[in-house]
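**Q** Position chain B against the provided structure of chain A, taking the given hints into account.
Chains as they are written, first to last, in the numbering used here: chain A, 1186 to 1440; chain B, 154 to 417.
Calculated directly from the structure, the hints in this document are not laboratory data.
There's no promise every hint is true.
Using 27 Å as the maximum straight-line C-alpha spacing, the simulated DSSO-like pairs for lysine-lysine come out as follows [to be verified]:
1) K235(B) to K1241(A)
2) K1208(A) to K235(B)
3) K1261(A) to K1222(A)
4) K1209(A) to K235(B)
5) K1208(A) to K1241(A)
6) K416(B) to K1214(A)
7) K416(B) to K1330(A)
8) K1250(A) to K235(B)
9) K324(B) to K1241(A)
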Amino acid sequence: MIWQTNPPLKKLLEVRNLNFSYKKDLVLKNINFTLYKGDFFAITGPNGGGKSTLIKLILGILEPKSGTVFLDEEIKNPVEIGYVPQNTNINPEFPISVLDVVMMGNGSKHKTLKSFFKIGYSKFEIECAKSSLEKVGMQGFLHSKISELSGGQRQRVMIARAICSHPKLLILDEPTSNIDINGQKEIYSLLKKLNQEITVLVVTHDLTVISQYANRVLYINQEGFMHDLKEGGFKIDNEGHFCEVELMQMLGEKK
Amino acid sequence: MIEALHYTFIQNAIAAAILVSIISGIIGSLILVNRMTFLAGGIAHSSYGGIGLALFFGLPIFLGASLFALASAYIIALVSFKQRHRLDIFIGLIWAVGMAVGIVFVDLTPGYNVDLMSYLFGSILAVSKSDIIYMALLTVAVLLFVHRFYKEILAVSYDSEYASLRGINAKFFYTAILMLSALAVVVAIKVVGLILVIALMSIPTYIAEQISSSLYTMMLKSALLSAIFTIIGLIISYQFDITSGASIILTSAAALGLFTVLKK
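Chain A with its partners taken away, still in its complex shape (with noise of 0.2 Å):
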């Protein structure tokens, strides 16, 4: 237990003993961890493996069949979370500005009459996109449209959404997939630069990023179980439930 020699660390969710399943069949089972504040926390595992779903039952977009997903009284209220979904969903080429896109769920949620036959932003609304987009480096695209921007430059637009209510935990699920190998590592630095302020929680299949920046990593494997890699060591459970192969390899990568 390493993590007790360190000072204090405030607990910011907990998952304890958490299951889950879509149908008859448990996609997660038994699921155990912590996340402390300040974390680069990596969930890793094979496709299917459950990541995505985990994620969201810490977002409250699914529930939990049983178990408890504990958040602390900092992220209770949802903008508190901020979250960058997996791009599998959104249509490419919808006609949308930066703008738009990092005020979405953003703006003031209160129309007066007088706001009523107004569809822009207030100078306040824009300032915060701005300062956002400075963040994730992409400072002066403002006004372009987003299916003209690159894969690399679109997931930085994205992040930029998701801190623009400067969150206190960022979740991203899947960030990197499309992009290419020099855009990956851009968007992991800045993931480490925001990581400063802000306690990142990641989905990811990249081994830099487990290697290299996270300072805690879970492996979720098909059988739904849950090791977490940096606390509990890489120990094979005695049922043979983690897959022997996979973890070797992840190993092998590391050094």
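**A** Frame of chain A; chain B shown alone:
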């Protein structure tokens, strides 16, 4: 052509063309960006069931078609929430069952020899004053709704999961967009008919999508293009004495072809 403008039915046709273009520019854009084209196609065809029922019970045609289309849209919305991966089957079902209901009730209506062709291919030259009032009311309703909830509609259309995380009721807006599509499709049936309505909703919007930087400008440009195509189509139909609905759609398709070639 100019002397034709003195006829009331031509004036009505032009008014209807403009109103329907505004509606289909706005709603058609929403249908396109939400990738609901075939949902709207299914709803359009099913509304024939409402036409048949309205004839049988002696109700106004617009009312019957609107109610039936709204019911179809609601069913499709429910299915998309519960069984999204089986949606295509339900669209097919609603499409065919709606038409079958229409045909049966038209058959059962005593002594009424309905002009099926006018519903299938439109009859813009037969638009009445009350039709125009209905179209105008719907235009105002669509404008107010889309204006008031523009940001919410934009968020739900672009990324509905994210929108609902940020407290926007994505299901409500998805259902609302489908219901508005149903009403839009019904008024557009008068202009181009239920078989061709989906082309009117998608051709101008498809061109507009490629030359717009926001959903808002896409709606404006779609409405404008739609009005231009409809009026040119009407003129061609008058000059050559061909069915106006088909003439409007072929004009739009020719414009799309030209646009695609020039873009390269």
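**Q** Now look at each hint and say whether the structure bears it out.
**A** Here is what the structure says about each hint:
With a CA separation close to 18 Å, the supplied pair K235(B) and K1241(A) stays within the 27 Å bound. Taking the CA atoms of K1208(A) and K235(B), the gap is near 13 Å; set against the 27 Å cutoff, the hint holds. Restraint check for K1261(A) and K1222(A): satisfied, since their Cα atoms lie roughly 14 Å apart, inside the 27 Å limit. For a cut-off of 27 Å, the pair hint linking K1209(A) to K235(B) stands: about 17 Å separates their Cα positions.
With a C-alpha separation of about 16 Å, the suggested pairing of K1208(A) with K1241(A) holds against the 27 Å cut-off. The hinted pair formed by K416(B) and K1214(A) fails the criterion: a straight-line CA distance of about 54 Å is larger than 27 Å. Under the criterion of a C-alpha separation no larger than 27 Å, the hint pairing K416(B) with K1330(A) is consistent with the structure, at around 18 Å. Taken as a hint, the K1250(A) and K235(B) pair is honoured in the structure, with Cα atoms around 19 Å apart against an allowance of 27 Å.
As the CA atoms of K324(B) and K1241(A) are separated by approximately 17 Å, the hinted pair is consistent with the 27 Å bound.
The structure fails to meet hint 6 from the earlier list, while all remaining hints are met.
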